[in-house]
Amino acid sequence: MATRNANRRRPSAADGPVKTPMRKPVFVNVEQLTPGTSGHNLTVKVLNSTTVLEKKPRNTTSSLTGFRRPPLNTRIAECLVGDETGTILFTARNEQVDMMKPETTVILRNAKIDMFKGSMRLGVDKWGRIEETKPADFTVKEDNNLSLVEYELVSVEE
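What the sequence shown shows, in the UniProt record's numbering, is residues 1 to 158, in sequence order.
Misleading hints may appear alongside valid ones.
[Unchecked claim] The calculated lysine-lysine pairs, modelled on DSSO-like cross-linking and capped at a C-alpha distance of 30 angstroms, are:
id : residue 1 : residue 2
1  : K45       : K24
2  : K117      : K101
3  : K134      : K45
4  : K56       : K24
5  : K141      : K55
6  : K141      : K101
7  : K112      : K134
8  : K126      : K101
9  : K141      : K56
10 : K45       : K101
11 : K19       : K45
12 : K126      : K112
13 : K55       : K101
14 : K56       : K134
15 : K126      : K19
16 : K19       : K141
Honestly, the hints are just simulated from the structure, not real lab data.
Throw the hints in and build the complete structure from the sequences for me.
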């Protein structure tokens, strides 16, 4: 029994890099999103965008080196996005705010669900991507807003 596996040679660094095939992205609809999940790929239309925070940078000088760091504006916008199954609030940060213009269609890759005051918010962090794409041909179902559903964490005693 052991001789069958002993004859197999394992790949080593001398063989070069081992390519694993990338898996195809699985796209989900808005109504399939649940609290605390991540890794979602969606195609959504932006319905509206509201700037929540626009903070100018302070005069930042490093006390150790004396060099000035480049100023970074902090911008946060809440955008209502949706597809044919429902809508949800998307939190856009910094350069994402410029991409989330009303009436545009975007592809959100590796998006995650954040909880804010008991309701769901969709977000894309540094591991995800936002791509503008051609206009989608679906009509958004605006009466199913998942961000209006309030969730409560309940502890179960056994």
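So which hints don't hold here, by number, going up? 4, 5, 9, 11, 14, 16
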